[in-house]
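S.K.: Next come the chains, spelled out residue by residue.
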Amino acid sequence: MLQTNKSKQLVAYAVWEPILRTDDARSSRKATTLLPDSRVRHFWTATQDLGELFQPAIDLTTEPAWDVYLVYPRGVEWDGQGPPRPAYFMHQLAGRLPEDRMLDGDILAERIQALTK
Amino acid sequence: MKHRFTIGSALLAIVASACCWLPLLLIGLGASAVGIGAAIAPFRPYLLGLATILLAIGFYVSYRPSRTACSADGACAVPRRRWLESLGRGGLWLSALLLLSSMLFPKYGSGLVRVAPAANPVETDALVLEIEGMTCAGCEPAVEAALARVPGVARVEASFDKQQAIVSVSRGSILPRLALSTAVGTLGFQLVSVARAEPSHELPLAGHWVGDVPLGEGRTPTLAMDLDRMGSRWVGEFDVEAFGVLDYPVHVQIAEQHVTLGFSAADAEFQGTLQGDKMSGTIDFDGRKVEVEFRRTGNAVFSAQFLQLEAAADDSTRVQSLSANGEELRARFNADRGMTRLVMLLAPS
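Protein chains in written order, with the working numbering: chain A, 1 to 117; chain B, 1 to 349.
In case anyone wonders, no lab produced these hints; they're calculated from the structure.
One or more of the hints may lead you astray.
[Claimed, not checked] SDA-like mimics (lysine to any residue), calculated; alpha carbons at most 25 Å apart, straight line:
1. A:Lys117 - B:Met344
2. B:Lys289 - B:Glu241
3. B:Lys278 - B:Arg229
4. A:Lys117 - B:Ala242
5. A:Lys117 - A:Arg39
6. A:Lys8 - B:Glu241
7. A:Lys117 - A:Pro84
8. B:Lys289 - B:Ala242
9. A:Lys117 - B:Asp336
10. A:Lys8 - B:Asp336
These numbers come from a predicted model, not from an experiment.
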């Protein structure tokens with residue numbers, strides 16, 4: 001998606017969380033090589049608290065949010081303790097979030113393209 | 001007209017050998033060749049051939065009998081400017097010399113510039129760098145100059161024939177492997193792998209190890225791993241080709257002869273004893289234990305990609321740590337309110 005959309009009006013935040021046993025700060029730094037785009041800012045959080053904070057934003061009830069991709073248009077602000085609901089989102093959590101929102105890079109790219117025009 | 005042939009052949013001769021001298025020149029100026037030399041190399045024979053043709057034409061035009069009518073006493077219908085002719089012929093011979101030099105540069109060029117050995121040699125480890133892309137012996141000094149600039153490198157010897165470079169590094173130094181890859185990359189070449197040139201007797205665990213793992217039901221895949229010490233840390237990667245597992249990290253702990261190896265990607269752990277070139281023990285697969293014996297078959301060889309990942313792992317500037325409530329992310333999110341934002345929550349593994 002980042003390769004197809006070169007807009008300078010797009011910024012991405014990759015928030016790396018400790019979900020699996022092997023996840024730690026060191027592995028998060030290695031993982032940054034998967035997203036070498038200069039528009040991506042990388043963060044590491046040592047707990048799953050942030051994932052829990054994002055649960056209400058996408059109506060996820062089973063576990064802290066992870067493997068999710070949330071799109072916010074210009075002007076949206078994060079005012080309260082929890083993040084705002086995204087204009088669109090996709091995920092890789094089969095069975096836990098709507099199937100029609102399973103990650104499809106092309107569709108996600110189209111949605112973002114529409115917002116960055 | 002003959003001067004055009006002179007100039008043309010001289011320029012072509014210079015360009016034809018650019019694959020060899022250009023990287024050296026750019027490194028000297030602190031710039032990057034970015035593959036320019038390598039891009040020109042395939043055309044070198046054609047450029048040299050064209051330069052030769054132009055030079056031959058230039059010599060013919062210059063030395064052929066003059067068509068200008070002259071009387072016996074030297075008076076000519078069109079005055080001959082002998083000084084200009086001499087200058088032109090001198091230029092031709094200079095171009096011929098330049099062309100010959102360009103043809104021979106790959107042979108002798110590597111002897112012109114060599115990295116001088118350290119004045120006060122210290123104890124060093126030798127690493128073998130497998131490099132792809134060197135097109136002639138003239139590339140050797142450029143490779144040596146680029147690698148010599150990497151912090152911790154004491155001595156470099158590049159070989160076009162072997163497509164490799166031997167790098168001596170201060171023993172125990174934390175050598176940034178990524179810097180080696182970057183240095184080679186600025187010349188348009190690619191660092192393929194890094195390996196110890198000789199076994200380290202101080203690091204009996206270092207090397208390439210192979211063992212068959214009996215999983216039952218007729219399955220006995222081979223597990224191969226490379227272990228070595230980089231600075232104060234052990235680094236390792238393992239492969240199980242039968243399962244398509246390549247270059248996954250190994251976590252190493254060693255206390256005298258007792259070794260613990262963590263294969264976290266496979267959710268397995270080995271505990272055993274090191275005895276020379278053998279390591280015997282058990283692998284625990286989530287509660288199920290199997291006996292395994294690893295044999296050392298050579299020196300550790302790490303792919304450039306693996307080393308880049310290790311270098312990234314050591315780079316603390318790559319990620320910003322967040323507090324539990326994500327206050328820093330919220331601040332960033334709001335600061336970027338004039339843009340479309342994609343928030344990705346991901347697990348590194």
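S.K.: Next step is simple, just say for each hint if it's right about the structure.
M.R.: Here is what the structure says about each hint:
A distance of roughly 21 Å separates the Cα atoms of A:Lys117 and B:Met344; the hinted pair therefore holds under the 25 Å criterion. Between B:Lys289 and B:Glu241, the direct Cα distance comes to roughly 21 Å. Compliance with the 25 Å bound is thereby established for this hinted pair. Restraint check: the Cα-Cα separation between B:Lys278 and B:Arg229 comes to about 18 Å, which is no more than 25 Å; the hinted pair holds. For the hint pairing A:Lys117 with B:Ala242, the CA-to-CA distance comes to about 48 Å; that exceeds 25 Å, so the pair is violated.
Restraint check: the Cα-Cα separation between A:Lys117 and A:Arg39 comes to about 17 Å, which is no more than 25 Å; the hinted pair holds. The suggested pairing of A:Lys8 with B:Glu241 is violated, with an alpha-carbon distance near 42 Å, which exceeds 25 Å. Taken as a hint, the A:Lys117 and A:Pro84 pair is honoured in the structure, with Cα atoms around 22 Å apart against an allowance of 25 Å. Distance check on the hinted pair: B:Lys289 and B:Ala242 sit about 20 Å apart at the alpha-carbon level, within 25 Å; holds.
The hinted pair formed by A:Lys117 and B:Asp336 meets the criterion: a straight-line CA distance of about 16 Å does not exceed 25 Å. Of the supplied pair hints, the one linking A:Lys8 and B:Asp336 holds, its CA atoms being roughly 12 Å apart against a limit of 25 Å.
Of the numbered hints listed earlier, those contradicted by the structure are 4 and 6.
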